[in-house]
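S.K.: Two chains, two frames, some hints: make the complex.
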Amino acid sequence: MSQVAAAPQVVLTDVHKSYGHLEVLKGISMAVKRSEIVSIIGPSGSGKSTILRCINALAPINAGSITVGGMEVNDPKLDARALRRRVGMVFQSYNLFPHRTVLQNIMMAPLQVLKQDKAEVEARAHSLLGKVRLSEKVNAYPGELSGGQQQRVAIARSLCMNPDVMMFDEVTAALDPETVKEVLVTIRDVAEEGMTCILVTHEMRFAREISDTVYFTDKGRIIESNSPKDFFENPQDERTRAFLDKVL
Amino acid sequence: MTALLDMFGPHSAWAVLIPWFPLILKGFWLNILISVLAMAIGIVTGAALGALQMSKVRLIVLPARVLTLFLRNSPWLVIVFYVMYLMPFEIRVGSQWISFPDWVKAVVAFSLPVTGYISEIVRGGMRAVPTTQWEAAEALAFGPARTVFSIILPQAFKQMLPPTMNLYCSVAMATSLANIVGVQEVITITQTILTTETRPGLILPAYGITLALFFVYVFPISLLSRQLERVWSKGLQR
Numbered sequence: 041m042s043q044v045a046a047a048p049q050v051v052l053t054d055v056h057k058s059y060g061h062l063e064v065l066k067g068i069s070m071a072v073k074r075s076e077i078v079s080i081i082g083p084s085g086s087g088k089s090t091i092l093r094c095i096n097a098l099a100p101i102n103a104g105s106i107t108v109g110g111m112e113v114n115d116p117k118l119d120a121r122a123l124r125r126r127v128g129m130v131f132q133s134y135n136l137f138p139h140r141t142v143l144q145n146i147m148m149a150p151l152q153v154l155k156q157d158k159a160e161v162e163a164r165a166h167s168l169l170g171k172v173r174l175s176e177k178v179n180a181y182p183g184e185l186s187g188g189q190q191q192r193v194a195i196a197r198s199l200c201m202n203p204d205v206m207m208f209d210e211v212t213a214a215l216d217p218e219t220v221k222e223v224l225v226t227i228r229d230v231a232e233e234g235m236t237c238i239l240v241t242h243e244m245r246f247a248r249e250i251s252d253t254v255y256f257t258d259k260g261r262i263i264e265s266n267s268p269k270d271f272f273e274n275p276q277d278e279r280t281r282a283f284l285d286k287v288l
Numbered sequence: 655m656t657a658l659l660d661m662f663g664p665h666s667a668w669a670v671l672i673p674w675f676p677l678i679l680k681g682f683w684l685n686i687l688i689s690v691l692a693m694a695i696g697i698v699t700g701a702a703l704g705a706l707q708m709s710k711v712r713l714i715v716l717p718a719r720v721l722t723l724f725l726r727n728s729p730w731l732v733i734v735f736y737v738m739y740l741m742p743f744e745i746r747v748g749s750q751w752i753s754f755p756d757w758v759k760a761v762v763a764f765s766l767p768v769t770g771y772i773s774e775i776v777r778g779g780m781r782a783v784p785t786t787q788w789e790a791a792e793a794l795a796f797g798p799a800r801t802v803f804s805i806i807l808p809q810a811f812k813q814m815l816p817p818t819m820n821l822y823c824s825v826a827m828a829t830s831l832a833n834i835v836g837v838q839e840v841i842t843i844t845q846t847i848l849t850t851e852t853r854p855g856l857i858l859p860a861y862g863i864t865l866a867l868f869f870v871y872v873f874p875i876s877l878l879s880r881q882l883e884r885v886w887s888k889g890l891q892r
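Protein chains in written order, with the working numbering: chain U, 41 to 288; chain F, 655 to 892.
In case anyone wonders, no lab produced these hints; they're calculated from the structure. No experiment lies behind these values; they were computed from the predicted model shown. All the given hints hold, so there is nothing to weed out.
Restraint-style ranges between C-beta atoms, simulated for each label pair: (1) W886/F x R173/U: 24 to 34 Å; (2) F743/F x D119/U: 48 to 58 Å; (3) A702/F x D119/U: 25 to 35 Å.
Cross-link-like lysine-lysine pairs, in silico, DSS-like; alpha carbons within 30 Å at most: (4) K155/U x K812/F; (5) K155/U x K710/F; (6) K177/U x K812/F.
The beta carbon of each residue, even a glycine, is placed where N, CA and C say it ideally should be.
Isolated chain F (complex conformation) (with noise of 0.2 Å):
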């Protein structure tokens, strides 16, 4: 009992951390905006990417299909090195400047990676509708287009949803990266409220907060896409 009053104390680690909590919980706020728009813009890019990878002609299936190879098999980190320095902080449009702050830096670097995925995503799913029903939709008059967006996309979508699932994860725990170039994300905070409180004894508590929260946040996200998995694989009868 004792034990737990002193975790509580007023000179305990919790006591020195709870008055930054509104802090660190800004700090994940711009984490998730940033794996929100990564993935967003990602899944667009993407998306078009697999479409090429589709394609009948050759000369729009090779650079399709190098593109996505290079972007999936970059290290993520590299790829935010990359864009943070490479990607100029603001730009002129028109008479107007517009300015890159460093947490859409981020967002642009994650997009890079997600585009790969999303790219193979894609063209999974569509490869995994059986040819007849593309013949199907031919013999019945479909054009291409209609047939992709009304016949085997709509198909491919629950084979895509769980890997796409996992992959904005994989995206949200991965924005901790952004904390190395100066994103005031929440291990940037973290570590910010640590050299400020100067007390090696909140190092773990700390980190453990940071822990917990990409935990909330992402645990239910991947438990979800594991039963859409396992009820959808029952449902996809032909």
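Only chain U is shown next, with the shape it has when bound in the complex (with noise of 0.2 Å):
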């Protein structure tokens, strides 16, 4: 699907992380490469979301190691904001700031925390809301969008702070069934231009289709990971078959 190169860029290490007594991820690793698609699958609760958020240091982890780009997350003078600024990250419930307009909504973060090049973000911003097929909606607010175009600006959001790796937390979920194509064509434009991209996602069709590699969990621990021809037409743990039975 993509080039794949050699340094791994985003690397876990038998990462664990509770929230009180409860133990959602019980020693995950894992490694993604430079312009890899990654997906990781699984059923609910089984911690997916979770990884992703402890990889930007949303939720910070117990044990283990997280590096991204060689910066170690787990680390107690790690400058999150730094890591922040690396690594994009779209929501399920889009998130995008209602008293804003799409434009506004984009720009805000390179001009507020990059202190960018007004001009520049701005030419930058109308050049991604193309890419996501939404240049009408410029002055829109986020309240007069469907689901599909607000997820779509949020991916260009993330995108215009030129972040090194994606992060997509089950984008589709909240979505109609009939604008959850837009937003996967979305995606599988960026992966194509070699963005590195984690997705969190119950759409295996797709998953299928755009990985390099998919990796499936189960309550808190990587059960298996494969390419996607080799997970889906062969999987190996009697875990991994079940859940497929269930979901394909």
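M.R.: Next comes the structure, spelled out in structure tokens:
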């Protein structure tokens, strides 16, 4: 699907994460190479979304190591904001800022956080809006857009920070079936440009088409990982087979 | 017709009261001044106290919470008394003496309950913004202060403005309490007029004037606040 360079960009080593007494991640290890497209699938509550939240330090981990481009996330001296500049994240519920227009949503972080030049950011925002096919909605407010449109704006908003890695957390789960496709097409465009992508998704067909590697998680552990072809056609673990039987 | 003329005749209550009008208005102007200044001070201190209530550190939250509850739940009149008698009438800054006339003490007194109420309004307004907004801002590398000022407060503002306007209406009306400690506001002046004129028939018309003044001043504000509440509750979508 894409050219996979040698250097791993995101590395998780034996990551443990608990919420109170509930251990949600019980030793997660994975390595994502530059420009690799990785899908994480698994039953609800298996810790998929938590993995993403740990990678950009929205959720601090209890043990193990996560590095993003060589930067250790599990470090008390971590500059979380420097990390988050490298890692874009798109949420299930879009989370656009409702009091700002589409264009302002996209420009806010580059202007206020990165202190970039306004004209330059605006040009980039317009080109990203073109890419997600929403140029005509520049001045609309999020409340005036459909779920699929809002999600595409959210993707453009993340991309405008020029991240090294994009994470998509069940981004189509809250959408009407007819708007799911437009968002998947957008993610595919992003992936095809060589962006490193980590997706948590329930869209099995999409995961199969787009991914370089598929990870299957259950109860806080990675049960198996494989190329999409082998994963879907020849699952190794009993739990994977049971899950795929249910969803496919 | 004759009844109407009687009301405005040379010996009617109105005829007696009209010459006093400039003085009554001057008194009412002091009510407005006290309420506006108390509100301005209370908004600044209340916003700070409200922000402290939102802190993640328990050691900060607890005192802020206790102080807020204390200020909100103390009778305004008692606060006015305390401030009047506890605050010095002048203080020395370097070689300069700064004096506090009674009306300034009234401003300080009324700013205390305002601080408590605004603190709660700010806390409630910020709570009403979904936590996913904080998360989205965090994921975009916004720092905490910028998140609050660029993302949370502008959304909370619509939530906070109507109750703040209602609070102002209460403060404006409460300034009449300042007459008890002798501030020359509209009620004190009305009482002075009544003792000067010594006509029992004047009591109702005289207080009627103050009632009308407060109503004409406060009612449009309360109307506007209700209007905003209605419009914005419709417009608040995510």
